[in-house]
Amino acid sequence: MKILVCVKRVVDYNVKVRPKADGSGVETANVKMSMNPFDEIAVEESVRLKEAGSAEEIVAVSMGVPQCQDTIRTALAMGADRGILVETDAELQPLAVAKLMKAIVEKENPQLVFLGKQAIDDDANQTGQMLAALLGWSQGTFSSKVTVTDELVEVAREVDAGTEILSLKLPAVITTDLRLNEPRYVKLPNIMKAKKKPLDKMTPEDLGVDVSPRLSVLRVAEPAQREAGIKVADAAELVDKLRNEAQVI
Amino acid sequence: MSALVVAEHFDNNLNPATLSAISAAQASGTEVDVLVAGSGCGAVAKTVAAVDGISKVLLAESDSYAHPLAEDIAPLIVKLASDYSHVFAPATTTGKNIMPRVAALLDVAQISDIIGVESTDTFLRPIYAGNVIATVRSSDPIKVITVRGTAFAAASSQGDSADIETVNATELTGLSTFIRADITESDRPELTSAEIVVSGGRGMGNADNFTLLEEIADKLGAAIGASRAAVDAGFVPNDYQVGQTGKVVAPKLYIAVGISGAIQHLAGMKDSQVIVAINKDEEAPIFQVSNYGIVGDLFEVLPQLSAELDKLES
Chain A
0 MKILVCVKRV VDYNVKVRPK ADGSGVETAN VKMSMNPFDE IAVEESVRLK EAGSAEEIVA
60 VSMGVPQCQD TIRTALAMGA DRGILVETDA ELQPLAVAKL MKAIVEKENP QLVFLGKQAI
120 DDDANQTGQM LAALLGWSQG TFSSKVTVTD ELVEVAREVD AGTEILSLKL PAVITTDLRL
180 NEPRYVKLPN IMKAKKKPLD KMTPEDLGVD VSPRLSVLRV AEPAQREAGI KVADAAELVD
240 KLRNEAQVI
Chain B
0 MSALVVAEHF DNNLNPATLS AISAAQASGT EVDVLVAGSG CGAVAKTVAA VDGISKVLLA
60 ESDSYAHPLA EDIAPLIVKL ASDYSHVFAP ATTTGKNIMP RVAALLDVAQ ISDIIGVEST
120 DTFLRPIYAG NVIATVRSSD PIKVITVRGT AFAAASSQGD SADIETVNAT ELTGLSTFIR
180 ADITESDRPE LTSAEIVVSG GRGMGNADNF TLLEEIADKL GAAIGASRAA VDAGFVPNDY
240 QVGQTGKVVA PKLYIAVGIS GAIQHLAGMK DSQVIVAINK DEEAPIFQVS NYGIVGDLFE
300 VLPQLSAELD KLES
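Quick note, the sequences are listed as chains A and B, same order.
Under numbering that gives the first Met the number 0, the first residue of the first sequence carries the number 0, and numbering increases by one thereafter.
Under numbering that gives the first Met the number 0, the first residue of the second sequence carries the number 0, and numbering increases by one thereafter.
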């Protein structure tokens, strides 16, 4: 089978972002960018399925500014076979990404599409579910285990109460949670090889998709900050403070 | 304008996060109807009907709704949504699974995990693990919204009984099948609604040491949580995780033990009323958000804390 995997270029998870002074967005100039960590897990799972003989080809897709190529090259270095970049300077919201992905799915005819369960920049947690809806496919979100058989894929999902096991008809969209796997480190020879792997470019216009945003961001601001409190000497003083000062026990 | 709130329930018990979603809907200045979809869930519909300010309850019963599969529930919500300006659901794993599917089928955006309502079309939501709050306005005819439960007080339940109207179930899609759920059994309060939460991190060292936290939690009537590091290390199951991609809690008292305080963890607990940190590293970032901190070895501090709590009881 063929697998499509979606990778997003985001502000690195170690960076503490700040709003711009005018509140129009967050400061991303000169900030380290990386692949969304959940998408790394999605790429890893795809590569493992290929290594296990369940998949023949992995296509990594990214969307946005030209530098998203770097994110695709990382996926290629991890083991994806080729890349597709949908290049645009426009702001892409989850519904637009899902529509662009649907157009690519219709060209590529994969059996499985992997995406991270959420991107750590907008924290939306929408794109995979939206793609499944637009395609009329089954969805396995927040997956912690994925087992593929001929016609079905069994997915263990991390839910509020514990774990839920679903059986999905193929083709399916699967979004990945933290404990599905531990992504491999990319080795230098693989980075070199990845540079030679094919990478197609297209635009939203080529795919006939209107990507106009539906939500406008009026402003962004820092949340109210907590003040650091006091250090107490021992458990006795802590219990006293909690009972008599904070009055929470 | 009117809103449809999708109720969440399990085993004939209403998830209290639904009451927060109802409050968010009411804050948006709309009339509020509530959808209860399930199998044999008439008791839940009655509970919802008694919530203050509800116009009516829509009850959709079918065996195919026994487990809320997104592929089967979303078409029902989509069918009903044309009568509404807003559709709300709690931002639980169930809501997060279903609602984007609803939004895409309606060709509208979803507004995820709102923490505030500014007007009928303008909402506040956290981005970048809560380090930034965005105010967003929707231009869509139907606003599909998930609600962070800790950000809205629960709607009260002493209202008059609203009418319960039966609606037809949609057809089963057969796209996915529920096999089983492995539910973590516990007599302790539920993590997201507990008044006190005691959480452990990597510093706990191993799964057995969590018994030290259990002892404290039982004396305080608290729920137990964990950092991602503790879950990844296999000390506790995934449903204990508090943070950006786990659960968001805002109890009266949050006690963080052996947790350094990565921004991804703070995202899930920094709205707690009082935060206590116990950590041997005095430079740990958790102390920057805690009201009370103890710098010390948790294996010495926890037994002392347990003994002090015993003194309170006696």
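The set of hints was computed from the structure by calculation and includes no laboratory data.
One or more hints might be untrue.
[Claimed, not checked] Ranges of calculated distance between the beta carbons of each label pair, as one might list FRET restraints:
#: 1; chain 1: A; residue 1: 107; chain 2: B; residue 2: 138; range: 26 to 36 Å
#: 2; chain 1: B; residue 1: 187; chain 2: A; residue 2: 195; range: 30 to 40 Å
#: 3; chain 1: B; residue 1: 206; chain 2: A; residue 2: 246; range: 32 to 42 Å
#: 4; chain 1: A; residue 1: 236; chain 2: B; residue 2: 206; range: 45 to 55 Å
#: 5; chain 1: B; residue 1: 232; chain 2: A; residue 2: 15; range: 19 to 29 Å
#: 6; chain 1: B; residue 1: 166; chain 2: A; residue 2: 29; range: 50 to 60 Å
#: 7; chain 1: B; residue 1: 138; chain 2: A; residue 2: 168; range: 49 to 59 Å
#: 8; chain 1: A; residue 1: 202; chain 2: B; residue 2: 173; range: 53 to 63 Å
#: 9; chain 1: A; residue 1: 168; chain 2: B; residue 2: 153; range: 19 to 29 Å
#: 10; chain 1: A; residue 1: 168; chain 2: B; residue 2: 166; range: 19 to 29 Å
#: 11; chain 1: B; residue 1: 298; chain 2: A; residue 2: 246; range: 27 to 37 Å
#: 12; chain 1: A; residue 1: 202; chain 2: B; residue 2: 166; range: 56 to 66 Å
#: 13; chain 1: B; residue 1: 272; chain 2: A; residue 2: 24; range: 26 to 36 Å
[Stated by the list, open to error] The calculated SDA-like cross-link candidates involving lysine to any residue, where the alpha carbons are at most 20 Å apart (straight line), are:
#: 14; chain 1: A; residue 1: 240; chain 2: B; residue 2: 272
#: 15; chain 1: A; residue 1: 168; chain 2: B; residue 2: 217
#: 16; chain 1: B; residue 1: 45; chain 2: B; residue 2: 159
[To be verified] Pulled a few chain A residues facing chain B out of the computed Cβ check, cut under 7 Å:
#: 17; residue: 16
#: 18; residue: 25
#: 19; residue: 160
#: 20; residue: 168
#: 21; residue: 169
#: 22; residue: 219
#: 23; residue: 220
#: 24; residue: 238
#: 25; residue: 240
Ideal Cβ positions, reconstructed from N, Cα and C, are used throughout, including at glycine.
Hints, verified against the model:
1. Between residue 107 of chain A and residue 138 of chain B the beta carbons are some 32 Å apart, a value that agrees with the proposed interval 26 to 36 Å.
2. Distance hint check: the CB atoms of residue 187 of chain B and residue 195 of chain A are about 56 Å apart, inconsistent with the given range 30 to 40 Å.
3. The given range of 32 to 42 Å is respected by residue 206 of chain B and residue 246 of chain A, whose C-beta atoms sit roughly 34 Å from each other.
4. Taking 45 to 55 Å as the suggested C-beta distance range, the pair residue 236 of chain A and residue 206 of chain B does not conform, at roughly 30 Å.
5. Taking 19 to 29 Å as the suggested C-beta distance range, the pair residue 232 of chain B and residue 15 of chain A conforms, at roughly 25 Å.
6. Distance hint check: the CB atoms of residue 166 of chain B and residue 29 of chain A are about 54 Å apart, consistent with the given range 50 to 60 Å.
7. As the Cβ distance of residue 138 of chain B to residue 168 of chain A is approximately 35 Å, the hint placing it in 49 to 59 Å is violated.
8. Our hint of 53 to 63 Å for residue 202 of chain A and residue 173 of chain B is violated, since their Cβ atoms are close to 37 Å apart.
9. For residue 168 of chain A and residue 153 of chain B, the Cβ-Cβ distance of about 38 Å falls outside the hinted range of 19 to 29 Å, so the restraint is violated.
10. Here the CB-CB span from residue 168 of chain A to residue 166 of chain B is close to 27 Å, well matched to the stated 19 to 29 Å.
11. For the pair residue 298 of chain B and residue 246 of chain A, the supplied restraint of 27 to 37 Å holds, since their beta-carbon distance comes to about 29 Å.
12. Separated by about 43 Å at the C-beta atoms, residue 202 of chain A and residue 166 of chain B break the suggested range of 56 to 66 Å.
13. For the hinted restraint 26 to 36 Å between residue 272 of chain B and residue 24 of chain A, the CB-CB distance of approximately 31 Å keeps it satisfied.
14. Taking the CA atoms of residue 240 of chain A and residue 272 of chain B, the gap is near 14 Å; set against the 20 Å cutoff, the hint holds.
15. A distance of roughly 44 Å separates the Cα atoms of residue 168 of chain A and residue 217 of chain B; the hinted pair therefore is violated under the 20 Å criterion.
16. For the proposed pair residue 45 of chain B and residue 159 of chain B, the alpha carbon gap of about 11 Å is at most 20 Å, so the pair holds.
17. Residue-level restraint check for residue 16 of chain A holds (minimum Cβ-Cβ distance to chain B is 5 Å; threshold 7 Å).
18. A cut of 7 Å between beta carbons decides the hint on residue 25 of chain A: the least distance to chain B is about 6 Å, and the hint holds.
19. Given hint, residue 160 of chain A at the interface with chain B, holds; its Cβ is 5 Å from that chain's nearest Cβ, closer than 7 Å.
20. Annotation: residue 168 of chain A was flagged as interfacial toward chain B, and the flag holds, the nearest CB pair being 5 Å apart, inside 7 Å.
21. Nearest Cβ of chain B to the Cβ of residue 169 of chain A: about 10 Å, over the 7 Å cut. The hint is violated.
22. For residue 219 of chain A, the shortest C-beta to C-beta distance to chain B is roughly 5 Å, which falls under 7 Å, so the interface hint holds.
23. Checking residue 220 of chain A against chain B: minimum C-beta separation of about 6 Å stays under 7 Å; hint holds.
24. Interface restraint check: residue 238 of chain A against chain B, minimum CB-CB distance 4 Å, threshold 7 Å, status holds.
25. Using the Cβ-Cβ criterion of 7 Å, the hint placing residue 240 of chain A at the interface with chain B is satisfied: the shortest such distance is roughly 6 Å.
The earlier numbered hints that this structure contradicts are 2, 4, 7, 8, 9, 12, 15 and 21.
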